[in-house]
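Please put together the full structure from these sequences, using the hints given.
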Amino acid sequence: MADVNRGNRPLSPHLTVYRLPLTARMSILHRFTGLGLGAAAILVVWWFLAAASSPSYFDFADGLLTSWLGNLVLFVALVALWYHFFNGVRHLIWDTGEAFEVSTLRTSGIAVLVAAGVMSIITVVIALWG
Amino acid sequence: MQYRTDRQRITGLGTAGEGVGHWWSQRLTSIGLVPLSLCFLFPFVRALGTDFETAREIYSHPFNAVVAILFFAVGFLHLQQGVQVVIEDYVHDKPTRTVLLLANVLFCAAFAFTGIFAVAKIAFA
Chain A
1 MADVNRGNRP LSPHLTVYRL PLTARMSILH RFTGLGLGAA AILVVWWFLA
51 AASSPSYFDF ADGLLTSWLG NLVLFVALVA LWYHFFNGVR HLIWDTGEAF
101 EVSTLRTSGI AVLVAAGVMS IITVVIALWG
Chain B
1001 MQYRTDRQRI TGLGTAGEGV GHWWSQRLTS IGLVPLSLCF LFPFVRALGT
1051 DFETAREIYS HPFNAVVAIL FFAVGFLHLQ QGVQVVIEDY VHDKPTRTVL
1101 LLANVLFCAA FAFTGIFAVA KIAFA
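Protein chains in written order, with the working numbering: chain A, 1 to 130; chain B, 1001 to 1125.
Don't read these hints as lab results, they were simulated from the structure. Quick reminder that beta carbons are idealized off the backbone N, C-alpha and C, glycines included. Check before you lean on any hint, since a few could be wrong.
[Said to hold, decoys possible] Anything over 10 angstroms on all C-beta distances counts as not near chain A; from chain B, calculated:
#1 Cys1039
#2 Val1066
#3 His1092
#4 Thr1098
#5 Ala1109
[To be verified] Here are the simulated distance ranges between beta carbons:
#6 A:Phe32 x B:Arg1097: 16 to 22 angstroms
#7 A:Ala99 x B:His1061: 36 to 42 angstroms
#8 A:Ile122 x B:Leu1106: 35 to 41 angstroms
#9 B:Thr1005 x A:Gly117: 49 to 55 angstroms
#10 A:Thr104 x B:Val1099: 37 to 43 angstroms
#11 B:Arg1027 x A:Thr104: 19 to 25 angstroms
#12 B:Ile1031 x A:Ile126: 23 to 29 angstroms
#13 B:Pro1035 x A:Trp68: 30 to 36 angstroms
#14 B:Trp1023 x A:Phe75: 30 to 36 angstroms
#15 A:Arg19 x B:Leu1106: 29 to 35 angstroms
The structure is reproduced here in structure tokens:
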């Protein structure tokens, strides 16, 4: 171990006081939405299993998923899906070695947030009146 | 020991070589999910909140059924790959990590096949 005694100096950046940049926040959110979508996928499988079972069980499952609480959960999942979708495409672009300039990172990050918001609203409109 | 090179000390000890395979496979499922999630989402939000017959009619259509089956297969594989990385990053206790990694594979496979079975049962009815 090189230089164990680092002296009594402040550490920086310290995670509890360091304001994370947009890229870092979006990176955390990508993981978070991914895990959340896993939970939502289980609900979707349950809905399909109900549709494969009987009319009464379908009414129970579909009714629960389209209750106010079910709609709220599914809306959060929808926003998470569009966010994970667009940020995932952003990751795939990064995998080609492109778009790593700091100004581009900020622009692409904001573009992902706007696209996710717009597509969520469009999907809700289609779901309600489509 | 001090006469051995670093390369000699690590050869055969770890995951060297596996990382690229996992990374590559995760890109593959990501790319696959771009069209699949789009094609899955819109029929699904249309079927949601309808009655039993309408929902089954939507998924008796071959395109919707095949898309849903592929979505479950690729989607749950992608979930398994993602959750695996999260476990590897944050769970450092070896026995706990092993149990979680195994449980992750089994749960994702179970939900994938349950979803595929349900869609197939509707489509073939």
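Now for the hints, and whether the structure bears them out:
Residue placement check: cysteine 1039 (chain B) keeps its beta carbon more than 10 angstroms from all beta carbons of chain A (closest about 13 angstroms). No beta-carbon of chain A comes within 10 angstroms of the beta-carbon of valine 1066 (chain B); the shortest separation is about 14 angstroms. Every CB of chain A is more than 10 angstroms from the CB of histidine 1092 (chain B) (nearest about 17 angstroms), matching its label as outside the interface. The claim that threonine 1098 (chain B) lies off the interface holds: its Cβ sits roughly 20 angstroms from the closest Cβ of chain A, which is beyond the 10 angstroms cut-off.
For alanine 1109 (chain B), the condition that its CB be more than 10 angstroms from all CB atoms of chain A holds, with the nearest at approximately 12 angstroms. Range check, phenylalanine 32 (chain A) to arginine 1097 (chain B): about 20 angstroms between beta-carbon atoms, so the 16 to 22 angstroms window is met. A beta carbon spacing of about 39 angstroms between alanine 99 (chain A) and histidine 1061 (chain B) agrees with the range 36 to 42 angstroms that was offered as a hint. The supplied range of 35 to 41 angstroms is met by isoleucine 122 (chain A) and leucine 1106 (chain B), whose beta-carbon atoms lie about 37 angstroms from each other.
Between threonine 1005 (chain B) and glycine 117 (chain A), the C-beta spacing of about 54 angstroms keeps the proposed range 49 to 55 angstroms intact. Restraint check, threonine 104 (chain A) to valine 1099 (chain B): a C-beta distance of roughly 42 angstroms satisfies the suggested window 37 to 43 angstroms. Judged by the Cβ atoms, the range 19 to 25 angstroms given for arginine 1027 (chain B) and threonine 104 (chain A) holds: they are separated by roughly 21 angstroms. Look at isoleucine 1031 (chain B) against isoleucine 126 (chain A): about 25 angstroms separates their beta carbons, and that is inside 23 to 29 angstroms.
A beta carbon spacing of about 32 angstroms between proline 1035 (chain B) and tryptophan 68 (chain A) agrees with the range 30 to 36 angstroms that was offered as a hint. Between tryptophan 1023 (chain B) and phenylalanine 75 (chain A) the beta carbons are some 33 angstroms apart, a value that agrees with the proposed interval 30 to 36 angstroms. Distance hint for arginine 19 (chain A) and leucine 1106 (chain B): a CB-CB separation of about 40 angstroms, inconsistent with the stated range 29 to 35 angstroms.
Violation of the numbered hints given earlier is confined to hint 15; every other hint is satisfied by the structure.
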